[in-house]
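Once you've looked at the hints, go ahead and assemble the two chains, each given alone in its own frame, into the complex.
Read top to bottom, the protein sequences are chains A and B. Residue numbers are given in the numbering used here: position 240 of the first sequence equals residue 240, and the series is strictly consecutive. Residue numbers are given in the numbering used here: position 595 of the second sequence equals residue 595, and the series is strictly consecutive.
Hints should not be assumed to be uniformly reliable.
[As the list claims (entries may be wrong)] Straight-line alpha carbon distances no greater than 20 angstroms define the calculated SDA-like cross-link-like pairs of lysine to any residue that follow: (1) Lys32(A) <-> Gln436(B); (2) Lys194(A) <-> Lys675(B); (3) Lys196(A) <-> Ser282(B); (4) Lys197(A) <-> Ala280(B); (5) Lys32(A) <-> Gly429(B); (6) Lys32(A) <-> Gly491(B); (7) Lys32(A) <-> Ile430(B); (8) Lys32(A) <-> Trp428(B); (9) Lys179(A) <-> Ser282(B); (10) Lys18(A) <-> Gln436(B); (11) Lys18(A) <-> Leu434(B); (12) Lys48(A) <-> Ala411(B); (13) Lys197(A) <-> Leu434(B).
Calculated directly from the structure, the hints in this document are not laboratory data.
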Amino acid sequence: MNIVACVKQVPDTEALIKVKPDGSGIEEGGIKWVMNPYDEFGVEEALKLKEKLGGEVTVVSVGPARTMETIRTALAMGAEKGIHIDDPALYNADAYTTANALAAAIKEIPYDIIFCGQRAIDGDMGQVGSILAELLDIPQCTIVTKLDVGDGKATAVKPIEGAQLVLETSLPCVITAQKGLNEPRYASLPGIMKAKKKPVDVKNAAALGISVEPKAKIEKMTPPPARPPGKIIEGEDPAAKAAEVIRLLREEAKVI
Amino acid sequence: MAHGAKHVYTVGNEGREVFWNAPYELILFAFTAVAMAIFAYGLYRRWQLWKAIGKPEDRTDNAGARIQSLISNGLFQIKTFRDVYPGIMHALIFFGFFVLIFGAAIDATQFHIGLPFFHGSFYLWFSLIMEIFGLAVLLGVVIAVYRRYIEKPDRLGYMGTPDNTADDAIVLTLIGSIIVTGFLIEALRLYVNVNVDGFTWGMWSFVGYALSKTLTGIGYDTARVLHKWMWWIHTFIVLGFIAYIPWSRLLHIITSPANQYMMSLKPKGYLEPIGDFETAESFGVGQLEDFTWKQIFDSEACTRCGRCQDGCPAYLSGKPLSPKKVIQDLKTYWLERAPVVLAAQKAAPEGEEPQIPEPEKLMVGEVIDLHELWACTNCMYCIEHCPVCIEHVPKIVGMRQYKVLMEADFAPELQLTYRNMENNSNPWGIGAHLRQDWAPELGVKTLAEDANVEYLFYVGCSGSFDDRGKKVAVALAKILKEAGVSFGVLGAEEGCCGDSAMRGGNEYLYQILAQTNIEVMSGYGVKKIICMCPHGYNALKKDYPHFGGNYEVYHHTEILADLIAQGRITFKKSVEGLFTYHDSCFLGRYNDVYDQPRNALKAIPGLNLVEMDRSYAKSFCCGAGGARMWMEEDIGERINDMRTDQAIAVNAGTIAVGCPFCLTMMADGIKDREKEESMDALDIAEIVWNAMGIEEAAEEAPSGEAPPAEETSEAEAPKEEPSE
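Excised from the complex, chain B in its bound form (with noise of 0.2 angstroms):
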């Protein structure tokens, strides 16, 4: 039905007259016109600066998975809603606008072409929908206005003081008076026409039903005029809404699917390894034109949720780090340094390389301050939770990689730690050659001596070298003995697997050390590896197939937990007390090992498992992450100690981990609170071989605490440090 076409809606055949009482059409297509123009020129510029630089990147590959992430992260809004109460608000402006413009879609549609079917029930049903959405964005506005302006949590703003700009105040403003107005119109529409004959099904729309019942004492005339301005001042809202998206915050709704089709499909954490070390002029990021275009455009999709900061230990724990920030002040340099090198650019004669001024700033030390780019501990929080798929650990690591490989300007205790993985292949310093002698008396036997092993246990420097590491590399050992598991270790071949270098930002250290092992592995003809410390684990499984290492890679808390579950480890003693599970970050949020630890404990006899405030996914790094190990910690609170008092609010008797970093770290969080009385950390390992109840069956030890006697032999008695 064409428009202009008058049309009898009674009972039955219910409907109503799109665009009644509103009928300057040309002078709405002229403003339709000019808004759209606003809207594309915008865009068009934006596009410019998107293209203005950056290092080419491929992120259109693999359609099928980029759709997925679309649908489950844009459309669905997975992430959105794993923080329930901003999620809610999202998604009732976010499916309520979606729902509208469908509406309004459909509204138009039958106002130009006209649709057979709208009327009578579908009609009706139509009304109420959009009602009921309409409704939801304005909920939500109400919500994200409270949120924002009342309540303003940490997570909108940074240390303590809201980000907030004009352009937030405008959006909301706009898309509440949107929905405000189009109320209003239906109320007055409704208020008009409910008294002609036969219109009786007004309240369907009933929040514009209800509106109309308080608007008593207003003449019908006067109301048909109200309505037309009312509608004409939605009309104006809603086009000057279109026209302001490409320069506002309203532009995520399309960077931010853009950046979700756009998302890595790389294993989690994928740090791009450095190609070519001999020609290339520049390694690192040191500059915005060492990013790729995406790295840039991921600042565009970012809309100062916080979501990030609301997880990150270095933030929590009073760092001047806050993923947001560091996102949002690339995207403020970024937005100064863009039109420059566009303009350059286009300055430039054909075939020439641009003019680009200097920058005015630098961007790692300046922009990026260099406490906020050494106080990531790579945790992956933030990635983890960004619902818009912005990966900001590969920017922190390649601002690392400029500072450590370009100007070799980094923290001097980290210096030493790089030394002595050069020269001892671990970050100790403690002699290489003593890499072998964890456990002279368990009798593991090496490759060398017997390569025709089902498994390499990949010991890692923590297992071969900490005492306290140590201890677990022995009782998984031995769990592994007891339960006939085929396995074999390096000794003195086995090298430090390079994780510190590679997050600390000395890739080439990195690839000097992934490489020397890779060797050695694959010269036995490794194909199985068991790792004892999720660092090793995570860079042997997800780096080496970069340098040819490509091994079937597990780490001990998988292995036994499939060994518990085959029953070929049993348990003899249960156990006492309350126990919590921290969540090393290269486990779960890299690796999504989350159930198999857990499994391992809940099997064991007694024992009672409690969860921390944060587990999972949002679990909270014990502090050691991305070369923070070796590094002091300076600023702010501790940030293993804020872990430990997580672990003490449950009150947890034992921490149990996967990883010795973290155990390190939690048992100096430990001692750090005055705990060590009622509290102990220990691994997994301890806590199933300690249950295996097998030492004690075999022999009556004098002390049962008593670690295993591991004093060197005589032969390497600990040398003498040289005297200054």
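With the rest of the complex left out, here is chain A (with noise of 0.2 angstroms):
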């Protein structure tokens, strides 16, 4: 089975994000890097279903150079090869343009099975799955918690408002994974040693003969605003305060 798994390098979430005075993106100096937590359950779905079914993994970004340390990553995690698409063109490219790219470089290859995050923790999108799979002319099971793939079909449990969707679909499929699909594993230090060796592709824009004109581009980004300073009411009377506490709500948070 030729199972792909599309990665994404994001912050940690734990990083401190600045934006850059000019508004148009965020200030890279300092921040950790590290593989899309949605997207890891994507690459570990992909290996458990390697070792169930055979085959192998195909990992593919979009990113610039450090990207490579996330599909590292994913080959230290079992992944046997890796398509590491890096254009300066396609940096911070919409999700149109990133699906675009993903798409020209996995039609190269053979598929059967395509996973993705259901959507990454920085740009928030949701959008990259469901376009590759237009893109690619395939069906799509979206933020799926459980999988089962067999007889050239796939089963995916997807939750909804109160309730959860079965759905069953023919091969080759994109699947976009939601958290509780699986632990994804931690690599062993052989796997991390042979990552190092694994063959990695590197292409642009112009190998893969897009385009790399987006369809939405970022017009300008703004920290949330800052927290106002909390406010502590004084006062001996506990009615009073409390009564100070409504007035406050209601005419100054405007909350009630």
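Pasting the structure below:
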């Protein structure tokens, strides 16, 4: 079985995010970069599927040179090879352009099933997986928490409000992984060492023959407004203090 | 005087004919030769097994220190005596046998060669001494039998079931009967000879003499025949004993002193670093072959005395781990495997790799259960108290390394901890950039701002990120400032010390963290370091030198005790209530820091210090060492609750600690036992700072108990967790 896992390198959830003064993006200095946690579920599911049905796992990622670390992480977990789409025109690309680049790379290799994270924790668009499926013209099951593959079809569980859907689809298809799908493995040390020698193809937009013209553009990025300082209500009489709280909530905070 | 010659012994020239009435010399020699042959073959066979499996390791360097260990642990039984009752039991047998063997050697020399001084007062004192030590052995055997079969202490078993073997009974019977038959021979000889003219010194052999007085009614000829029989019985038992040594627990007569001689001379708690990650194919200990020969030999020195188990926090709290069981299980497994490996090695043609059959059992997972493996807190009680210098903890860490590095198969919560350490250089996974924010109001300078300081204060993860730990860091920084100590911190450049990674088997992650820290510290030319956490203290002091990080490292209690002694810390306030000090394993047993924390406490006016039952080297772990801090504790009782109970038992109002892990564990224990009203857990730095009385003199704080405001400034308001 030919399995593809798409991964994105994102800032660690605990990293200190600072917006560039010109609002064009975030300051990247000093940030610890990690694999998007949802993509990690995808990689783990890909590896489990390989272990069950045989075959190999190819990791595909779009991003600058540092993205290689994340590809190596997936290789250390057990994937066989990687494709690194590295083109300055694609850094911070929108969901469509990214999906288009992924689709172009994936079209060149055999694939039976493709895993993506249901969204990346940096841009929070949640579109790449779906667009990728459309561009490849294959079915998709999104936000999947349970997956069963066999007999040329995939059965996926997708939680919805108050219930869960059980979806069945033919292969090839795109699955976008949600938390709960599995517990990603910890890479073994021999895995880490072997990953350094596994093949990774580096390609740019020209090699893939794709357009890098974005469909959507980030106009401006602004940090969330600073949290106003807390207020301590002084006074002796609890009833008066309570009344003051009510007044402030109604008149200043305007929440009641 | 050659044997056979007659000699007349009289008052003033007391003595006796050695081997009296036992003249079959050739038969004796023949049987002795057989016994020695069985002994020698047994030992040779064992020697081959010892050589069959295990990586090389040099344990013969520094003979001076090794002889010292042999003398103190072997000859003087120092560690054996740490437990008085069984210590005395063993000493009676050990010293008794030691003296009796010398006595027998003197007897034999007298018989074969002749000793010019073997008469007169020498003989009389010799007789008396032999009598006393013979009695000592007998008493020792009686105590041993009583202990093992009647008293049945838990340590001579596992989880309430005694682990007695037939071998134990055989050995005790052999030793007991050697002494009993020895006394009976003597009694019969004295019975026959006491009436010989001029023989008046029989009572110097007081046990035999007293026994001889009970032998009334036996004819002298019968007594002679009985004597002869008894002599041969005694001799056969002795020869049997010698032949039995390599085939029984008696082998410890050889292996235990050998192990004491070959004890680790490395710093206490030393773990051999993995040298080469790039080219090695296997990491940690997955099978017997991955141990060094010495690590396997340890199990041969083990006598199942159970001292290790007696203080093991995992075992005592009902977890399946017992250090004794680990060693014994490894020994049993080795005894299954070693002959197979040896046979394969012998069968292999010269110069070819032997075809060794795969083991039937997994060593890590089957022989040693994973619950056992992961229950260890690395508290090092077992190593500290093993009288024969067995090193349990490195074996456990070695097997953990195999599970973590090779199989990546370990507790999910520990995986999360390691990811946090990888991504944010702290086990909690709090943003690494927040490391310097433990006390912005104190204005402690980083080395980047001013590197011209005497000490680096290595705050560590607890002091930087844990709310409780931060208070300790603040108290310590205030004391240091007040005492005029020149110090700085690394701020965001500081990283996790890596102790939990190392002890949890993730040596790869540990070395990355250690090297990162060393690079930063050495970059600033750091020479002296103060650590707030004993785990960092131990790692920086003893493990970082492997990677080129050589610093003078102090724990803050050492610094505090020193500043108090110098008069640079003075106390304006007195404290009330009863305090007890909980020894952190990584301070006490690992680094012998026992007195400094106590001295610091005792210097505080009004402070009443009471010791818990288990303290100093016998201290009971809080349960957080060996990466256990980050793991669920779901078998048996909680170790921290048990330790808290020990503090409650001495009516302590405050549990004083010197370790942020212990602090968390004790505080949790106090909560679990619902003693928050009457008890508190405090770091010594907090107690000292409070007693210095500076805060209260400076300002009449509206609420004296409230911690200093530590709200992070607005710019650093905690980030929202990404929603799932």
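The hints, checked one at a time:
1. Simply put, Lys32(A) and Gln436(B) have alpha-carbon atoms about 17 angstroms apart, close enough for the 20 angstroms limit, and the pair holds.
2. Simply put, Lys194(A) and Lys675(B) have alpha-carbon atoms about 53 angstroms apart, too far for the 20 angstroms limit, and the pair is violated.
3. Of the pairs offered as hints, the one joining Lys196(A) and Ser282(B) holds, with about 17 angstroms between alpha carbons and a cut-off of 20 angstroms not exceeded.
4. Only pairs whose Cα atoms come within 20 angstroms are accepted, and Lys197(A) paired with Ala280(B) is accepted, the gap being roughly 15 angstroms.
5. Among the hinted pairs, Lys32(A) with Gly429(B) is consistent with the structure: their alpha-carbon atoms are about 12 angstroms apart, no more than 20 angstroms.
6. A C-alpha spacing of about 17 angstroms is found between Lys32(A) and Gly491(B), which places the hinted pair at or below 20 angstroms, so the restraint holds.
7. Restraint check: the Cα-Cα separation between Lys32(A) and Ile430(B) comes to about 12 angstroms, which is no more than 20 angstroms; the hinted pair holds.
8. Under the criterion of a C-alpha separation no larger than 20 angstroms, the hint pairing Lys32(A) with Trp428(B) is consistent with the structure, at around 15 angstroms.
9. Restraint check for Lys179(A) and Ser282(B): not satisfied, since their Cα atoms lie roughly 33 angstroms apart, outside the 20 angstroms limit.
10. Straight-line distance between C-alpha atoms of Lys18(A) and Gln436(B) comes to about 18 angstroms, which keeps the hinted pair within the 20 angstroms bound.
11. Using a Cα cut-off of 20 angstroms, the hinted pair Lys18(A) and Leu434(B) holds, with the two alpha carbons roughly 14 angstroms apart.
12. Between the alpha carbons of Lys48(A) and Ala411(B) the distance comes to roughly 19 angstroms, so the proposed pair stays at or under 20 angstroms and holds.
13. Proximity of Lys197(A) to Leu434(B) is assessed by CA-CA distance (about 36 angstroms); at most 20 angstroms being required, the pair is judged violated.
Of the numbered hints listed earlier, those contradicted by the structure are 2, 9 and 13.
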